[in-house]
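Got chain A sorted already, so can you dock chain B onto it with the hints?
So the protein lines, in turn, are chains A and B. Numbering follows full-length UniProt numbering, with no gaps: position 360 of the first sequence is 360. Numbering follows full-length UniProt numbering, with no gaps: position 85 of the second sequence is 85.
Quick caveat, the hints were computed from the structure, so don't treat them as lab data. There's no promise every hint is true.
When chains are identical, the list treats them as one kind, so a pair holds in a single copy or across two.
List of simulated lysine to any residue pairs, SDA-like, C-alpha gap at most 25 angstroms [stated by the list, open to error]:
id, residue 1, residue 2
1, Lys169, Ile270
2, Lys25, Arg40
3, Lys50, Gly6
4, Lys171, Glu44
5, Lys223, Ile42
6, Lys288, Arg11
7, Lys288, Arg12
8, Lys169, Glu44
9, Lys50, Asp226
10, Lys288, Asp144
Remember, predicted model here, so these are calculated numbers, not experimental data.
Number of protein chains: 2
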Amino acid sequence: MAIISGSRRIRRTAFSDGVEAAGVKGYTVYNHMLLPTVFRSIVEDYHHLKSAVQVWDVAVERQVEIRGPDAGRLMQMLTPRDLRAMLPGMCYYVPMVDETGGMLNDPVAVKISEDRYWVSIADSDLLFWVKGLAYGLRLDVLVDEPDVSPLAIQGPKADELAARVFGDKVKDLKFFRYGHFDFQGHDMIVARSGYSRQGGFEVYVEGSHLGMPLWNALMEAGKDLDVHAGCPNVIERIEGGLLSYGNDMNRDNTPHEAGLGRFCSTQTAIGCVGRDALLRVSKEGPVKQVRALRIEGDIPPCDRGWPLMDGQRQVGTITSAVWSPDFETNVAIGMVRMTHWDPTTDLDVVTQNGVFPTVVQETFWI
Amino acid sequence: MAIISGSRRIRRTAFSDGVEAAGVKGYTVYNHMLLPTVFRSIVEDYHHLKSAVQVWDVAVERQVEIRGPDAGRLMQMLTPRDLRAMLPGMCYYVPMVDETGGMLNDPVAVKISEDRYWVSIADSDLLFWVKGLAYGLRLDVLVDEPDVSPLAIQGPKADELAARVFGDKVKDLKFFRYGHFDFQGHDMIVARSGYSRQGGFEVYVEGSHLGMPLWNALMEAGKDLDVHAGCPNVIERIEGGLLSYGNDMNRDNTPHEAGLGRFCSTQTAIGCVGRDALLRVSKEGPVKQVRALRIEGDIPPCDRGWPLMDGQRQVGTITSAVWSPDFETNVAIGMVRMTHWDPTTDLDVVTQNGVFPTVVQETFWI
Numbered sequence: 001m002a003i004i005s006g007s008r009r010i011r012r013t014a015f016s017d018g019v020e021a022a023g024v025k026g027y028t029v030y031n032h033m034l035l036p037t038v039f040r041s042i043v044e045d046y047h048h049l050k051s052a053v054q055v056w057d058v059a060v061e062r063q064v065e066i067r068g069p070d071a072g073r074l075m076q077m078l079t080p081r082d083l084r085a086m087l088p089g090m091c092y093y094v095p096m097v098d099e100t101g102g103m104l105n106d107p108v109a110v111k112i113s114e115d116r117y118w119v120s121i122a123d124s125d126l127l128f129w130v131k132g133l134a135y136g137l138r139l140d141v142l143v144d145e146p147d148v149s150p151l152a153i154q155g156p157k158a159d160e161l162a163a164r165v166f167g168d169k170v171k172d173l174k175f176f177r178y179g180h181f182d183f184q185g186h187d188m189i190v191a192r193s194g195y196s197r198q199g200g201f202e203v204y205v206e207g208s209h210l211g212m213p214l215w216n217a218l219m220e221a222g223k224d225l226d227v228h229a230g231c232p233n234v235i236e237r238i239e240g241g242l243l244s245y246g247n248d249m250n251r252d253n254t255p256h257e258a259g260l261g262r263f264c265s266t267q268t269a270i271g272c273v274g275r276d277a278l279l280r281v282s283k284e285g286p287v288k289q290v291r292a293l294r295i296e297g298d299i300p301p302c303d304r305g306w307p308l309m310d311g312q313r314q315v316g317t318i319t320s321a322v323w324s325p326d327f328e329t330n331v332a333i334g335m336v337r338m339t340h341w342d343p344t345t346d347l348d349v350v351t352q353n354g355v356f357p358t359v360v361q362e363t364f365w366i
Numbered sequence: 001m002a003i004i005s006g007s008r009r010i011r012r013t014a015f016s017d018g019v020e021a022a023g024v025k026g027y028t029v030y031n032h033m034l035l036p037t038v039f040r041s042i043v044e045d046y047h048h049l050k051s052a053v054q055v056w057d058v059a060v061e062r063q064v065e066i067r068g069p070d071a072g073r074l075m076q077m078l079t080p081r082d083l084r085a086m087l088p089g090m091c092y093y094v095p096m097v098d099e100t101g102g103m104l105n106d107p108v109a110v111k112i113s114e115d116r117y118w119v120s121i122a123d124s125d126l127l128f129w130v131k132g133l134a135y136g137l138r139l140d141v142l143v144d145e146p147d148v149s150p151l152a153i154q155g156p157k158a159d160e161l162a163a164r165v166f167g168d169k170v171k172d173l174k175f176f177r178y179g180h181f182d183f184q185g186h187d188m189i190v191a192r193s194g195y196s197r198q199g200g201f202e203v204y205v206e207g208s209h210l211g212m213p214l215w216n217a218l219m220e221a222g223k224d225l226d227v228h229a230g231c232p233n234v235i236e237r238i239e240g241g242l243l244s245y246g247n248d249m250n251r252d253n254t255p256h257e258a259g260l261g262r263f264c265s266t267q268t269a270i271g272c273v274g275r276d277a278l279l280r281v282s283k284e285g286p287v288k289q290v291r292a293l294r295i296e297g298d299i300p301p302c303d304r305g306w307p308l309m310d311g312q313r314q315v316g317t318i319t320s321a322v323w324s325p326d327f328e329t330n331v332a333i334g335m336v337r338m339t340h341w342d343p344t345t346d347l348d349v350v351t352q353n354g355v356f357p358t359v360v361q362e363t364f365w366i
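Chain A with its partners taken away, still in its complex shape:
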């Protein structure tokens, strides 16, 4: 296995010192920044995430801040989701598309106030798209990347740990809502959200210098809860059907193909870029779509798209796959053509290590 070469271009985060002290063993790169992928082992991290509580360096979820009189108008241009009911205190999952309906990112938007939003991005330079639009349309907004570093608290004991550091009121937060909480005299936005199915929070740490103090406070407060450094876990996320932009969908795909049609209100999201292109697909439905799949056999690491075959005909692509200890099968996510996407459909997947039998599932493993 190859090592990752460090450079300033691959940015460290506000929590990198903590991540290294915790013995990180693997990284990926996400938004030009280091994202840990494994600490003890992927399987050990997985069991621990499902039973205890972890602190995650997800500073790679960079923010695009949009501020000014035209902020609301620009936000609605960026996504086919209808934002009219969004109020400060709310987080919205907002697929963002180009003029052809192709996905550019699938961030979580945080409404700070009527004229100020943070867009917490997946792995693409969404800032460039938003700046280009704002410039071309002469909108009255400031668009920038602020010094905000999300840190996640995830796992069944996340409520208990968060309450010890931020107070019991943090437990009252509803899903995808946020509140303002005090940490050592500093105001922090804490949201009930995160990239796992185990529950928990994301803290938007404003000011890199506050990163390690918060990291250390959580590690200290959670000792008897068996808190560990963790990271998004590839097994848990595939079981749970959490899509990954760049893996499971990209600019070639519409939100409907990604199974995100419920977030597209193409009729009412007035002014959104890509509306014309998405109107037809929203009526007819897509001809291929994301599906859960099970693969049998000793598959290699899924480091590329794997063609899904019906005999000699390609009918889809596996985009993420890994062995699940809990479900004792290889769990996978793929894009499958409608002719072959019904549950129990038998297919073959072509990997770098040969061909394996694959079955379309009814649902993810949740």
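Structure of chain B alone, referenced to chain A:
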């Protein structure tokens, strides 16, 4: 040292099979794609690059294709360099900036025809900026990422190797000019360019399926020239003062700060974004600028910006640094304030392993 975790999101290239067969030992990620960083060792690769010839997988230099009636107008909007004299057959190094003059990328533009350009990008999603501008300004252009994968032939024997595969005419190419050459019945654009000071070519391979045939043909043809798989070499590029976007400059910097003022014709590049912001700096000059520096001592890997100090006062930042066997010193690139940028100025650099004496150089090691 941590390993790099594979996933479809970190794209393989048209040459990855060849890179793996050649025993790649390290990677970085560049434009969401794998970029090799070391084969035998960084020092062994370095000596070999300077004495023989290497084939580089630089498919990470993705193309932004701009095509249509407004292509020329949009190109001039993207850069403060005056493009009026650019003709088909020419490559131009074109710093690109936002409305504040902050650098978004420093690509090489290739003019295919009057209404068609390829922009061969450094590490940022420039496509998003160009698409946003084109949409906001309703320009009559198509903007997309074509299936084009650059492969570089670099080193003192590059002319000989390229001639064996593309014919002797390739030797007549002038610097930053390109021509059309035949490879096994396929037309390929070959330019005299590349990210080293050793000379050579970049081949724009149109169609991923042609990647490995070309790779193999070069390896076969160059056996007696001691051809090896290589990659941009961190020692050679710092010695030669080749800047790296994201390392040595980013969106915080103007082209003038990066020492690229000679590519900015702010008076004549009519219509370029950022012109207002750059006009003043082009008159007054920047207050900080890229410099070559020498560091004494056993420095750690430069995986972050290192503060440059005059006593207690920070006067700059080292952005790239490594030991040079040929010059028997640590060669470095940094951004230094004008009060301290004169040659022979003595400073201190603060690394993760302590403080080291540093001296501003007159020039890079070329």
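Hints, verified against the model:
In this assembly of identical chains, the alpha carbons of Lys169 and Ile270 never lie at most 25 angstroms apart, being 37 angstroms within a copy and 57 angstroms across copies at closest. Both within a single protomer and between protomers do Lys25 and Arg40 lie at most 25 angstroms apart by alpha-carbon distance, with minima of 7 angstroms and 23 angstroms respectively. In this assembly of identical chains, the alpha carbons of Lys50 and Gly6 lie at most 25 angstroms apart only when taken from different copies (23 angstroms versus 31 angstroms within one copy). Taking identical chains as interchangeable, the C-alpha atoms of Lys171 and Glu44 are never at most 25 angstroms apart, the minima being 27 angstroms within one chain and 57 angstroms between chains.
Taking CA atoms no more than 25 angstroms apart as the test, Lys223 paired with Ile42 passes inside one copy only; the shortest distance there is 21 angstroms, against 42 angstroms between copies. In this assembly of identical chains, the alpha carbons of Lys288 and Arg11 lie at most 25 angstroms apart only when taken from different copies (22 angstroms versus 36 angstroms within one copy). Taking CA atoms no more than 25 angstroms apart as the test, Lys288 paired with Arg12 passes between copies only; the shortest distance there is 24 angstroms, against 38 angstroms inside one copy. In this homomeric assembly, Lys169 and Glu44 never come within 25 angstroms of each other (Cα to Cα): the closest approach is 32 angstroms inside a single copy and 59 angstroms across copies.
Taking the shortest Cα distances, Lys50 and Asp226 sit within 25 angstroms of each other inside one copy (12 angstroms), while across copies they are farther apart (53 angstroms). With identical chains, the CA atoms of Lys288 and Asp144 are at most 25 angstroms apart between copies only, with a shortest distance of 22 angstroms across copies and 36 angstroms within one.
Hints 1, 4, 8, counting from the list given before, are not met by this structure.
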